[in-house]
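First residue of the sequence shown? That's 1 in the UniProt record's numbering, and the numbers climb one at a time after it.
No lab work stands behind these hints, which were simulated from the structure alone.
We put the CB at the ideal spot given by N, CA and C, even for glycine.
Fair warning: there could be bad hints in the mix.
Unchecked claim - Taking lysine to aspartate or glutamate pairs in the DMTMM-like style, the calculated list, with each CA pair at most 20 Å apart, reads: (1) Lys683 x Glu731; (2) Lys726 x Asp759; (3) Lys662 x Asp698; (4) Lys795 x Glu731; (5) Lys235 x Glu224; (6) Lys235 x Glu329.
To be verified - For each label pair, taking beta carbons as the anchor points, the in silico distance ranges come out as: (7) His681 x Leu544: 47 to 53 Å; (8) Phe801 x Arg1021: 53 to 59 Å; (9) Leu953 x Glu794: 37 to 43 Å; (10) Asp303 x Arg116: 27 to 33 Å; (11) Lys1037 x Gln809: 37 to 43 Å; (12) Ser657 x Met445: 32 to 38 Å; (13) Asp300 x Asp146: 36 to 42 Å; (14) Ala945 x Val782: 43 to 49 Å; (15) Met445 x Ala945: 48 to 54 Å; (16) Gln195 x Arg116: 25 to 31 Å; (17) Thr381 x Lys1037: 55 to 61 Å; (18) His681 x Ala958: 14 to 20 Å; (19) Lys1033 x Ala945: 43 to 49 Å; (20) Ala945 x Arg1021: 57 to 63 Å.
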Amino acid sequence: MATFPRPPLPSLQVTLLPEVPPTKQHQTSGHAASTLAPSSASSSLLASIQAQDEAAAKAMLHTVLQTAADCTAPQRRFYSYSPEAVLRSVRALVDKDLCAPLVEALQAAVREYAQRCVAALVARQQHQQPRDDTTKVMTNSDTESDEEAKAMSANATLGEVQILAQLVTYWERLQQGLVELSSVWVYADQWCSMQAGTAMPRSLIAAATQEVREVLSGYPELLETALRGYVAVLKAELAADTAALLSASHSSRVPSTAVLPDKSAAASSVGVVRSAASAPPPPSVDATSLALLVCPPSLDSLDKPLRQRLLRLFTQLTLATQHYAAHVEPAVVRVVRVHYETVARRLWAESVRASVFFRFCDGALRHIGPMSASLLHSGTTPMLEEVIQGPLISTVGSEVLKRDFVALMERQAFHSLRLAWRLLSASARVRSSPVVAGLFHEYLMDCGQRIMEELVPSSTKITPAAALVPPRRRPFLAVRHLLGLLEQGSRTVSMCFADCEKEFRVALHEDLQTILEAYPHAFSEQLAAYQDAIMKEVEVGHVLVSPSKPTAPVAVEENGDDDNNDEEGESASPLRRQRAEATSPLSQPRVPTPPPDLARAEEDESVSPARADVTEAEDAAEGAALVGAAALRHAAPLPAEVKEATSVLRRIAYIYSYHPKKNLFEAAYWRDFARRCLHAHRKLNIKAENTFICFLRDICGLSFTSKFEGMLTDLSSSTELTTQYKTWVQEQSQMHPCGEADADTSAVDRPAPAANGLDVHLLILAQSYWPEYPLMPSNFYVPPAVQVVTQQVEKFYNSLFPNRHLRWQHPLSHATLLARLTPQSSVLTLTGTYIQCVLLMRLDALYDRGVTSITVKALCDDVGMDMANTELLWSLQGLCHPRFRLVLREGPPSSVPPVVEAQCRFIEPDNGDDEGGVRAEEAVTSPAATQSAPSCASAGCTLAATDVLQLNLGFTPATGKVRIPLQARMRATASAAFDGPSRAGRTADNDGHLVEVAIVSCLKAQRTMTRTELASAVASRVPFPVTTAVLKKAIDKMIERGFLMRGKDSTYVYSA
1 MATFPRPPLP SLQVTLLPEV PPTKQHQTSG HAASTLAPSS ASSSLLASIQ AQDEAAAKAM
61 LHTVLQTAAD CTAPQRRFYS YSPEAVLRSV RALVDKDLCA PLVEALQAAV REYAQRCVAA
121 LVARQQHQQP RDDTTKVMTN SDTESDEEAK AMSANATLGE VQILAQLVTY WERLQQGLVE
181 LSSVWVYADQ WCSMQAGTAM PRSLIAAATQ EVREVLSGYP ELLETALRGY VAVLKAELAA
241 DTAALLSASH SSRVPSTAVL PDKSAAASSV GVVRSAASAP PPPSVDATSL ALLVCPPSLD
301 SLDKPLRQRL LRLFTQLTLA TQHYAAHVEP AVVRVVRVHY ETVARRLWAE SVRASVFFRF
361 CDGALRHIGP MSASLLHSGT TPMLEEVIQG PLISTVGSEV LKRDFVALME RQAFHSLRLA
421 WRLLSASARV RSSPVVAGLF HEYLMDCGQR IMEELVPSST KITPAAALVP PRRRPFLAVR
481 HLLGLLEQGS RTVSMCFADC EKEFRVALHE DLQTILEAYP HAFSEQLAAY QDAIMKEVEV
541 GHVLVSPSKP TAPVAVEENG DDDNNDEEGE SASPLRRQRA EATSPLSQPR VPTPPPDLAR
601 AEEDESVSPA RADVTEAEDA AEGAALVGAA ALRHAAPLPA EVKEATSVLR RIAYIYSYHP
661 KKNLFEAAYW RDFARRCLHA HRKLNIKAEN TFICFLRDIC GLSFTSKFEG MLTDLSSSTE
721 LTTQYKTWVQ EQSQMHPCGE ADADTSAVDR PAPAANGLDV HLLILAQSYW PEYPLMPSNF
781 YVPPAVQVVT QQVEKFYNSL FPNRHLRWQH PLSHATLLAR LTPQSSVLTL TGTYIQCVLL
841 MRLDALYDRG VTSITVKALC DDVGMDMANT ELLWSLQGLC HPRFRLVLRE GPPSSVPPVV
901 EAQCRFIEPD NGDDEGGVRA EEAVTSPAAT QSAPSCASAG CTLAATDVLQ LNLGFTPATG
961 KVRIPLQARM RATASAAFDG PSRAGRTADN DGHLVEVAIV SCLKAQRTMT RTELASAVAS
1021 RVPFPVTTAV LKKAIDKMIE RGFLMRGKDS TYVYSA
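Let the hints inform the model, and build the full structure from the sequences given.
Shown next, in the form of structure tokens:
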């Protein structure tokens, strides 16, 4: 006979009395015996005790089940029986191996309990069935209103919910009774667990559950009715959760506490029943809560705790009876799918913003897991998540993102973009969503194409900001916008797509390369001019350059979400079309345009700080007007607005790295850098130039920047050579004083008095580092004093470097001329280019010979330069400038077009080193002026060959030191006309890679082609004529790279 250890006491503390032997029990009851009872009497006594034990155990069983069946009264543990007595009786039966009949009695009692409960539910169902049939007949026969039909449907649903509530209440009370039974029949429960390999259930609760399952299997109609009630409750729960999630999504981020099931509230409703174990419930619980739990009076009384109780208990019931997987789970998945499909259609119809939509989707996904684990089955969670990701995210979410992607980019809603990308990638089960990547590509290409169209003055395909600015008032606008687009794209990739940053940065690089292919020459000129303007601001001291190379400033997201924090500054963005209620200078009456020398592009200032509150509908309607706003927010400011140039120079270097025609910008920058180095009146900032060269070296390598570094080296070495030359001249003067020279001493060795009075600064440049300049004309006029200086410099330089040869470039020099126009006037110090000083000297020499006037053509011939030389024309224009009338011009009216004349009047003197001079951007010409630059230069800008020039002897400047103006180079912005009519000037020479791409594309499609077919197909794919030599070179290159191979009969086969 098996014996079991004594189990721990139940939760209710009881004291077990010592067991009394059977003989002493009879003695205490008045049946004393002096002799031992016969064996038959002992057997009858043991049978009587066994019967008493069985009766006590069964009595306790029927008491527990009877209490569970009475739903009007709360359950009380250990009510109307002694748990310690029953515990002893069950142990005695287990010790005598009589537990099997006890378990059978339990199963029979539970079967009877389940049948009574089912009978009551069936009777209630049959009572509601005629009313339902009557409802159907009335609906079919009478044409009542929809409200009455809805009321009848609600009544039918309420009946199903009441059956569900009563069923799960019976089940809950049975489970509580079985828990109480297991705590008293603990020895029987342990005995069941040890019956391995037999048909006996493993526990008392399993035995009871088996009987309940068998009973319920015979009433499928009852389960279907309860399932319909369960579905109604689930719909109500989903609707309530959706409303809460939408409310939280509209306000801010969805808090985690708002989406989790209210377990405390659900536990409080169930605790009304469970609290009956130790003390009777309050009167209010008896009268209200129990009745509400068993039979809800209306659908409105189904609050959240009650709904969660019904869902949880019915799930437990169907799981225990093995009906969940076959009936309940498919219904749950179907209801959730229909619900979120409806929600998705409603959100799309209401045009909900993408930020709100994806916050709701994220909240729904985070909510469905805890809800399924607490109210449903955890195995249902993956199916429910897939249901949400399908109709809600993949279908509608992609369309919402397509609609609002531009607005999200412009508002820098990085949190919403990151959330949308993560959700769409998870729904598509890929590492990165192709939908988001495609939208990012389309946004960059659209903004980039609009920006490049700003280079065309007559184009209408430009950004909204450029549309508000006249074509002649757009200095560096395309460069600023493209720099801002690069900054915006890089920041978006780092903030939103960090997990796939490499792929998105490669796409960004390719998109910018494609964008820059539109007008590479014009953009390169404008980019170089913008960099030159920045350097001029640095030189005059308006802008500082930090010694280190700090990273570009990046704004930090506030409160974790930019959707509600980025409106500050949006209204101030010039790329944004102004709203009707906004206050902006653009919405005021137009004021007269100030003179060109004071004109500045002031897009970013004087916008009223007052912002109007914009509704969601207005934000959605403005999606098309926001293109480029974020790009301008990141755009580098105009040179006059730059406060610290390091970050702007870094952006220029980065945009250069994306340029497909790097040689164009290299040539423009090389030319400007050389002009800055050779310009006598520009205070070259070596630190700023070295900073930019370091950026270029980090991106392009040392081989690219070696010549620029060599140019700076030439400047420093020229300063040292100038000092050595002056020392050498002094030594030569001491060795050969004036009047004491030997007869054999040449004129070169004897320093001339005129040469001794010259203050010379040498610029000795290595030809390999500097741009190629045209040779100085052989008959170019060189004053005698300068000739002596050149001879002395050559002698000095040959003494240091015998194997080197000097080639003079006097037109690149600058000079200072001391002049007295009349004997009564004071001495003027005139500073200008070498050509200007030579022209004044020749005019003065002619005047001394009695020639008071001379034509432009004759003066050019006298100097020894061709009139077509632009440097000569610019020098003459500076001498004849209306604000500097040192030389008077007389001639017929100019035949130059009015636009060119207007632009010539706008040209200002180059006074960049003066304190009150014009700022760098003030001397910038418009694209229209730049487009007319060739004709302007060729025509002399109102300066003809027959014009008569003469010295203005009455010229009286305000000060004794005067700078001769020089016409500014009209190349601040280059027109798209430089790129030619064939779209960016594409030719086989500079776009040979397009021929290679066309060859590979054609052969990849056809696999095998003859030479004639290939030539015809390639010619139809590229925007320029392809010669036989170019085609042959491209084919040979593709064969070397393994893309194709030669076949038979002059054919080519694709082999990659």
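Results of checking the hints against the structure:
1. Lys683 x Glu731: 31 Å, violated
2. Lys726 x Asp759: 9 Å, holds
3. Lys662 x Asp698: This hinted pair holds, its Cα atoms lying about 15 Å apart.
4. Lys795 x Glu731: The given pair, whose Cα atoms are some 14 Å apart, holds under the 20 Å limit.
5. Lys235 x Glu224: The given pair, whose Cα atoms are some 16 Å apart, holds under the 20 Å limit.
6. Lys235 x Glu329: Holds, at roughly 14 Å.
7. His681 x Leu544: 47 to 53 Å: Check failed, 21 Å falls outside 47 to 53 Å.
8. Phe801 x Arg1021: 53 to 59 Å: Check passed, 55 Å falls within 53 to 59 Å.
9. Leu953 x Glu794: 37 to 43 Å: Between Leu953 and Glu794, where Cβ atoms are some 38 Å apart, the hint holds.
10. Asp303 x Arg116: 27 to 33 Å: 30 Å, holds
11. Lys1037 x Gln809: 37 to 43 Å: About 40 Å separates the Cβ atoms of Lys1037 and Gln809, which means 37 to 43 Å holds.
12. Ser657 x Met445: 32 to 38 Å: 19 Å, violated
13. Asp300 x Asp146: 36 to 42 Å: 20 Å, violated
14. Ala945 x Val782: 43 to 49 Å: For Val782 against Ala945, whose Cβ atoms are near 24 Å apart, the range 43 to 49 Å is violated.
15. Met445 x Ala945: 48 to 54 Å: With Cβ atoms ~50 Å apart, the hint holds.
16. Gln195 x Arg116: 25 to 31 Å: 29 Å, holds
17. Thr381 x Lys1037: 55 to 61 Å: Given a distance of about 57 Å, which is inside 55 to 61 Å, the answer is holds.
18. His681 x Ala958: 14 to 20 Å: For Ala958 against His681, whose Cβ atoms are near 18 Å apart, the range 14 to 20 Å holds.
19. Lys1033 x Ala945: 43 to 49 Å: For Ala945 against Lys1033, whose Cβ atoms are near 46 Å apart, the range 43 to 49 Å holds.
20. Ala945 x Arg1021: 57 to 63 Å: 49 Å, violated
The structure fails to meet hints 1, 7, 12, 13, 14, 20 from the earlier list, while all remaining hints are met.
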